[in-house]
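Number of protein chains: 4
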Amino acid sequence: MKGVAVTYTQQMLDTYPAEMNLDRGKLARAIDALGACAQACTACADACLSEGAEALPMLTRCIRDNLDCADICAATAAVLSRQTAYDARVSHAQVKAAAQVTKTCADSCGEHRDAHDHCRVCEEACRETERILIELLPDLEPSGDAPSRPSQAAPQT
Amino acid sequence: MKGVAVTYTQQMLDTYPAEMNLDRGKLARAIDALGACAQACTACADACLSEGAEALPMLTRCIRDNLDCADICAATAAVLSRQTAYDARVSHAQVKAAAQVTKTCADSCGEHRDAHDHCRVCEEACRETERILIELLPDLEPSGDAPSRPSQAAPQT
Amino acid sequence: MKGVAVTYTQQMLDTYPAEMNLDRGKLARAIDALGACAQACTACADACLSEGAEALPMLTRCIRDNLDCADICAATAAVLSRQTAYDARVSHAQVKAAAQVTKTCADSCGEHRDAHDHCRVCEEACRETERILIELLPDLEPSGDAPSRPSQAAPQT
Amino acid sequence: MKGVAVTYTQQMLDTYPAEMNLDRGKLARAIDALGACAQACTACADACLSEGAEALPMLTRCIRDNLDCADICAATAAVLSRQTAYDARVSHAQVKAAAQVTKTCADSCGEHRDAHDHCRVCEEACRETERILIELLPDLEPSGDAPSRPSQAAPQT
Numbered sequence: 001m002k003g004v005a006v007t008y009t010q011q012m013l014d015t016y017p018a019e020m021n022l023d024r025g026k027l028a029r030a031i032d033a034l035g036a037c038a039q040a041c042t043a044c045a046d047a048c049l050s051e052g053a054e055a056l057p058m059l060t061r062c063i064r065d066n067l068d069c070a071d072i073c074a075a076t077a078a079v080l081s082r083q084t085a086y087d088a089r090v091s092h093a094q095v096k097a098a099a100q101v102t103k104t105c106a107d108s109c110g111e112h113r114d115a116h117d118h119c120r121v122c123e124e125a126c127r128e129t130e131r132i133l134i135e136l137l138p139d140l141e142p143s144g145d146a147p148s149r150p151s152q153a154a155p156q157t
Numbered sequence: 001m002k003g004v005a006v007t008y009t010q011q012m013l014d015t016y017p018a019e020m021n022l023d024r025g026k027l028a029r030a031i032d033a034l035g036a037c038a039q040a041c042t043a044c045a046d047a048c049l050s051e052g053a054e055a056l057p058m059l060t061r062c063i064r065d066n067l068d069c070a071d072i073c074a075a076t077a078a079v080l081s082r083q084t085a086y087d088a089r090v091s092h093a094q095v096k097a098a099a100q101v102t103k104t105c106a107d108s109c110g111e112h113r114d115a116h117d118h119c120r121v122c123e124e125a126c127r128e129t130e131r132i133l134i135e136l137l138p139d140l141e142p143s144g145d146a147p148s149r150p151s152q153a154a155p156q157t
Numbered sequence: 001m002k003g004v005a006v007t008y009t010q011q012m013l014d015t016y017p018a019e020m021n022l023d024r025g026k027l028a029r030a031i032d033a034l035g036a037c038a039q040a041c042t043a044c045a046d047a048c049l050s051e052g053a054e055a056l057p058m059l060t061r062c063i064r065d066n067l068d069c070a071d072i073c074a075a076t077a078a079v080l081s082r083q084t085a086y087d088a089r090v091s092h093a094q095v096k097a098a099a100q101v102t103k104t105c106a107d108s109c110g111e112h113r114d115a116h117d118h119c120r121v122c123e124e125a126c127r128e129t130e131r132i133l134i135e136l137l138p139d140l141e142p143s144g145d146a147p148s149r150p151s152q153a154a155p156q157t
Numbered sequence: 001m002k003g004v005a006v007t008y009t010q011q012m013l014d015t016y017p018a019e020m021n022l023d024r025g026k027l028a029r030a031i032d033a034l035g036a037c038a039q040a041c042t043a044c045a046d047a048c049l050s051e052g053a054e055a056l057p058m059l060t061r062c063i064r065d066n067l068d069c070a071d072i073c074a075a076t077a078a079v080l081s082r083q084t085a086y087d088a089r090v091s092h093a094q095v096k097a098a099a100q101v102t103k104t105c106a107d108s109c110g111e112h113r114d115a116h117d118h119c120r121v122c123e124e125a126c127r128e129t130e131r132i133l134i135e136l137l138p139d140l141e142p143s144g145d146a147p148s149r150p151s152q153a154a155p156q157t
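Protein chains in written order, with the UniProt record's numbering: chain A, 1 to 157; chain B, 1 to 157; chain C, 1 to 157; chain D, 1 to 157.
Take these hints with a grain of salt, some might be off.
Note that the list lumps identical chains together, so a pair holds whenever it fits in one copy or between two copies.
[Stated by the list, open to error] Once the Cα atoms are required to be at most 25 Å apart in a straight line, the calculated SDA-like pairs of lysine to any residue come out as: (1) K2 with D107; (2) K26 with V4; (3) K96 with P138; (4) K96 with I132; (5) K2 with P17; (6) K96 with A55; (7) K2 with A88; (8) K96 with M58; (9) K26 with A115; (10) K2 with R89; (11) K2 with N21; (12) K26 with A53.
Derived by calculation from the structure, the hints in this document are not laboratory data.
Pulled out of the complex, with its shape left as it was, chain A reads as follows (with noise of 0.2 Å):
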């Protein structure tokens, strides 16, 4: 049984001021996907930590998986959740990053998911991250070699 939490992340768009290329919704969804995979993964290397001495140094490489992908998702996040002056070729870097970080948690996570409960949660939430995140890429690919700034949202004056 997943959980649900308010966010504000969908409203946070709808009343964002200026226009945007990208659809609010898909964007909504990863932004919130990130931040609910970076608490998971902070949650499951803590978790790892309080196994007993016997299992703790087979869940190093989890933990430290763990530790990059709530690092990478949450500075992923608040790139995604700005508008103004967005630039494609960095958003489209940090997501390739976030994508790749997800899955290597997954597969570390997957690893463990029959022996800890924690681990089996912490994949779902990572894969599920992933998947979203390889949805998102097209729509952030850089046009062109230009310095590409697709939804240039800010009034510059």
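The hints should help you fit chains B, C and D onto chain A, whose structure is shown.
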């Protein structure tokens, strides 16, 4: 209309492999509120930047408070997501700082709620988070002046 | 032997375009110490994870404290790096939380300083940062119970 | 005149308890540059906010790029600070994203370097970091399409 998003916070707490002194439902609500508030503040700072040249100079305090609130809420969510070797003095001090910044930021956004819808939504996110944190604070009270670690969760061998 | 690195903290404060109530040298030292401490704690958590299977179970509290310290110090450095519309109540509460976590983490690392050199270095980073923060705290004291904003730096029009 | 600050990055790498495939001096330089760049960008965004009402509307792109650069550099510094179970595919993708955002941010700050000293200093921080990251990138190249983990540092039992 508030949005909802899938989060894994409650599931991660339910699968935590050691004991926990805190109420898991209350803790999950606080962690989710902090994550949603950090996102709203990041988005509100950016939406403020996209307002017109005449509005912008009046929004600089709001932007700064948004950025502080986003950073502090994100760090606090991470601290509360960790149960291993939990130190009440750290959690208590950090949650107090988060309660302060959500109040400060709600007040700043509140000054612009009639002019800017994103400030209205962000004020709501901040006030809700402040309320939840203030409810949580007594549970985090360090007991006595000893180096209190009330929920010594990790199996130390 | 301590390392040194190029930072731009002092230069950024010296080129800040508005007035500032705080001593710039003292502030720069605190921001740099927080940044260096966050890095040391991230690295110490990881080095602990690379210790052998017999040492690892005794290091879980140290790892957790390292992770809290890294997150809180990074957020505090960001808050102190912002001078616009500075709110002493937020800075004061956040610096107090950082002083607490650097003390807690220094104590944790200190227990392992003889066994693990990285814990000895990280303890030093935490103690130095705690000392600098405690020196800074009185300068951040909110004046009275009014919504104190002592260095109202931003030109609000 | 550049400032220098005490960091523990090199010491933490020198006391790392397992093997490491990367050059420690090069890695320490990259981590320190990323930390210093994140700080400069946070401070530059805030200094831009404190500019006068006539300058501010032209600085919104610069502020947004500063905020992205700060978030991405901080996450990248954390990823590079971890050596346990190092996954080259994650580090490589994340460092590429950081190289992109430091270039984008340097270009934005560069447009304002004559008008605003803080933009000049921040451009310097970003260009230096981009140069160091581009030098590091070939060392992080994942070898082949296998789940490459070139420096499997952690003693897995």
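How do K2 and A88 come out at 25 Å by Cα distance, when the copy is not named: within, between, both, or neither? neither (32 Å within a copy, 29 Å between copies)
Go through the copies and call it for K2 and R89: within, between, both or neither, with a Cα cutoff of 25 Å. neither (34 Å within a copy, 30 Å between copies)
Intra- versus inter-subunit Cα pairing at 25 Å for K96 with M58: neither (28 Å within a copy, 30 Å between copies)
Is it within, between, both, or neither for K2 and D107, if the alpha carbons may be no more than 25 Å apart? within (20 Å within a copy, 34 Å between copies)
Under a CA distance limit of 25 Å, which applies to K2 and P17: within one copy, between copies, both, or neither? Only across copies: K2 and P17 sit 19 Å apart there, 33 Å inside one copy, limit 25 Å.
Checking an output row: K96 and I132, CA cutoff 25 Å. Within, between, both or neither? Answer is both; intra-copy 12 Å and inter-copy 21 Å each pass.
How do K26 and A115 come out at 25 Å by Cα distance, when the copy is not named: within, between, both, or neither? neither (34 Å within a copy, 27 Å between copies)
Within, between, both or neither: how does the pair K26, V4 come out at a Cα-Cα threshold of 25 Å? Cα proximity of K26 and V4: in one copy and across copies (18 Å, 14 Å).
Give the relationship of K26 and A53 under a CA distance limit of 25 Å: within one copy only, between copies only, both, or neither. neither (43 Å within a copy, 30 Å between copies)
Can you give me the call for K2 and N21, within, between, both or neither, at a CA distance of at most 25 Å? between (31 Å within a copy, 23 Å between copies)
Since the copies are identical, ignore which copy is meant and state whether K96 and A55 lie within 25 Å (CA to CA) inside a copy, between copies, both or neither. neither (32 Å within a copy, 35 Å between copies)
Go through the copies and call it for K96 and P138: within, between, both or neither, with a Cα cutoff of 25 Å. Result: close both inside a copy and across copies, 11 Å intra and 18 Å inter.
Going down the numbered hints, you'll see the structure goes against 6, 7, 8, 9, 10, 12, while the others check out.
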